[in-house]
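Work the whole structure out from these sequences, hints included.
Chains A and B supply the protein sequences, listed in that same order. In terms of the UniProt record's numbering, the first sequence opens at residue 1 and continues consecutively. In terms of the UniProt record's numbering, the second sequence opens at residue 1 and continues consecutively.
Honestly, the hints are just simulated from the structure, not real lab data. Computed from a predicted model, the values in this text were never measured in an experiment. Wrong hints could be hidden among the right ones.
Listed below are several chain A residues computed to face chain B (Cβ distance under 10 Å; list not exhaustive) [said to hold, decoys possible]:
1. Val42
2. Gly50
3. Ala135
On the chain A side, residues computed to face chain B include the following (Cβ under 10 Å) [what the hints assert, rightly or not]:
4. Val31
5. Thr72
6. Trp82
7. Phe196
All C-beta atoms, glycine included, are put in the ideal place defined by N, C-alpha and C.
Listed below, chain by chain, are the residues.
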Amino acid sequence: MSGLNEPFQTLARQRGAAELGIWIFLASELVFFGGLFTGYSVYRFLYPDGFLAAGAETNLIIGTANTAILLTSSATMAVAVWAGREGLRRHVLWGLCLTSLLGAGFMVLKAVEYAEDIRKSLVPGAGFALPERGAEIFFSFYWIMTAIHAVHLTIGVAAVSLAAWRLWRGRVDWRGTAFLHVLGLYWHLIDLIWIFLFPLLYLLGRGG
Amino acid sequence: MTDAAHPGTPDHGYSLPPSYLGAGTTLRSWLLTTDHKRIGLLYLASITVFFLIGGIAAAVMRTELMTPTGDLVSADTYNRLFTLHGVIMVWFFLIPAVPTTLGNFILPMAIGARDVAFPRLNLLSWYLNIAGGTLALVALLLGGVDTGWTFYTPYSTLYSNSYVTLAAAGVFVAGFSSIATGLNFIVTVHTQRTKGMTWMRLPLFVWSIYATSIILVLATPALAIVLAMIVGERVFDLGLFDPTRGGDPILFQHIFWFYSHPAVYIMILPGMGVVTEVLTCFSRRKVFGYEAMVFAILGIAIFGFFVWGHHMFVSGQSTFASLIFSLLSFVIAVPSAIKVFNWSATLYGGHITFEASMLYALGFVGLFTMGGLTGLFLASVPVDVHVTDTYFIVAHFHYIMVGGMVSAFFAGLHFWWPKITGRMYSEGFARAAALLMFVGFNVTFFPQFILGFMGMPRRYWSYPPEFQILNLMSSFGAMILALAYALPFVYFALSLWRGRMAGDNPWRATGLEWATASPPPRENFAEPPVVDSAPYDYHPAHAEPTEREDARDREDQDDRPEDPR
Ligand SMILES: [Cu+2]
Chain A
1 MSGLNEPFQT
11 LARQRGAAEL
21 GIWIFLASEL
31 VFFGGLFTGY
41 SVYRFLYPDG
51 FLAAGAETNL
61 IIGTANTAIL
71 LTSSATMAVA
81 VWAGREGLRR
91 HVLWGLCLTS
101 LLGAGFMVLK
111 AVEYAEDIRK
121 SLVPGAGFAL
131 PERGAEIFFS
141 FYWIMTAIHA
151 VHLTIGVAAV
161 SLAAWRLWRG
171 RVDWRGTAFL
181 HVLGLYWHLI
191 DLIWIFLFPL
201 LYLLGRGG
Chain B
1 MTDAAHPGTP
11 DHGYSLPPSY
21 LGAGTTLRSW
31 LLTTDHKRIG
41 LLYLASITVF
51 FLIGGIAAAV
61 MRTELMTPTG
71 DLVSADTYNR
81 LFTLHGVIMV
91 WFFLIPAVPT
101 TLGNFILPMA
111 IGARDVAFPR
121 LNLLSWYLNI
131 AGGTLALVAL
141 LLGGVDTGWT
151 FYTPYSTLYS
161 NSYVTLAAAG
171 VFVAGFSSIA
181 TGLNFIVTVH
191 TQRTKGMTWM
201 RLPLFVWSIY
211 ATSIILVLAT
221 PALAIVLAMI
231 VGERVFDLGL
241 FDPTRGGDPI
251 LFQHIFWFYS
261 HPAVYIMILP
271 GMGVVTEVLT
281 CFSRRKVFGY
291 EAMVFAILGI
301 AIFGFFVWGH
311 HMFVSGQSTF
321 ASLIFSLLSF
331 VIAVPSAIKV
341 FNWSATLYGG
351 HITFEASMLY
361 ALGFVGLFTM
371 GGLTGLFLAS
381 VPVDVHVTDT
391 YFIVAHFHYI
401 MVGGMVSAFF
411 AGLHFWWPKI
421 TGRMYSEGFA
431 RAAALLMFVG
441 FNVTFFPQFI
451 LGFMGMPRRY
461 WSYPPEFQIL
471 NLMSSFGAMI
481 LALAYALPFV
491 YFALSLWRGR
501 MAGDNPWRAT
511 GLEWATASPP
521 PRENFAEPPV
531 VDSAPYDYHP
541 AHAEPTERED
551 ARDREDQDDR
561 PEDPR
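Take a look at the structure:
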């Protein structure tokens, strides 16, 4: 298996193409989330008090734990990519498995957090718990931002697990191709987005 | 039938592999193909279907508008018709039209490549487009959407009792198809250019598709997120655009037009690229100001992101914002004007012949200029306030999109048809269709400028009786236009059946795609071509008529007998 696909003649050119492709994809993802960040900023400016009051209601402990988990998963992903470059198959496998386990751990904690949010009536719509003007908007953003992030993470966990399994069965060309690097960049994007979400959704209104 | 039976089949002197059409004839060989040429044809088939559906909706609307009273359909049905027309035409015809059909087919060949960089992603992109189109069509069949193609909030989120969620989901999915296609083309141009094909030797068609791809990749996600927000509002009762809960419906317009103004350039830039290829070929002239054209293309792509506010002059945005957006909208007319002047300068002194694709291309230049100039009226705030939401707007954007973009699409289709199929079509019929389309288009849409200026609002199914004459004219023009769109089906079908063999390069054009067989083999080229000169290697700008290459040969070519029918 050489890992060379049509229409490429050399692995180096193919690697370059795959890396350029994933960077373009990441740029489009930034615009996608950029729409949400723009909306968030507008309403944060319009309703500072409502946002402060609402921001204090999210679960800081789970949020912080999840941030630590994702940061660690980015490290394990980086290990997998680095090991891939060195040709260390066993380390790649370990890196991928740990990454996908940490990703799954994030989702379990997030599910616990969602359940608590629902119990505390922090869901926009009739019966929303907080009276401050703008608090409901904050939680609209909280739900849509974390939900879209969770969708990305689910895809990431699935992709990393699949990659680990195929690599274990010897069904993927990871030596010399951009396979692991592309996967790694996607994973780091998920992490990066969360690094922005964390202060916007969890650290607001905690100053007092 | 065998090619050898036809005179005019070129003798290559070496044996070429079979054409891409012969590489498999089963349905499976088409539906699972990764050949960029076949994927281009899959797109051609699907956008034709969408074009017909959108066109039928327009025909019903024009019939309704023949009388001042609403008699053929109800007001509510009329709302659903214009939404259907807009959604289908914008996202499932205009946006994909040139990039995914001609772009897919020609772009890799024009840079001397075997295929696009990611052939399987290319196929996936077609399936995403079909999936999105199916969702939108299901929404329309279940009862339709009544918001207009712009999905303005809070109507679309709070009040509309139509299938907004489903249609928005369809457009959302099709958006991923756009992003995949754009990404693929960008990487293809970066990594698949053949030896000697430097950036400044790229044909302007390739530059246009490249710039379009950048817009596709960077603008489409904004549409995706705003549609996701609408779905969130409708399904999960979020309050993002709900004024009663502190939400701001205008935020929707900002994000929507951040995508939808650049989307205009997604539609028109590829058309400009096609027209450049056609105008240079049929005036036998090197394009005037190649570098200026490249920078104009890139300028349009970049500035296009900073003018969205001109759609919102009456939305209550600040006067200061309106002034800035107005200024920038005037600025973006400059690169477009550079292109129009350069096309004119290319034609000046050229040895012009009026093949059908040239007629379409010339039609494009005229109609695009009309559309662009009326765009300047609209960029100026006082005029815009007067004609906002009138037929003036409708006429303006149809001049750009139908007059401009659809003409360019037909120009390209006629220009590259011999390459795609290996056969010629009836030039006489094609010229008639091109002229008919130009006339029909103007009869349909010019009266709408006047109607709009007189104050007839858009999106109504009835109107005061004094507007009837102009509306009748418009509906009459639409019939001519429908005939003009029907004609190509006939002569293209005839061409497939009995068309004369085209040979490698029937127009004696210069692009690399003409340097291989028609139809091309699966690999495009027997061996990778090497480029050693700038594009548009026709005769130079100041050549005297005597120096001009063999004008006589071309007349001989024009005298060739019509194909048998
Ligand atoms: Cu605009």
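Tell me, which hint numbers fail for this structure?
Structure breaks hints 5, 6 and 7.
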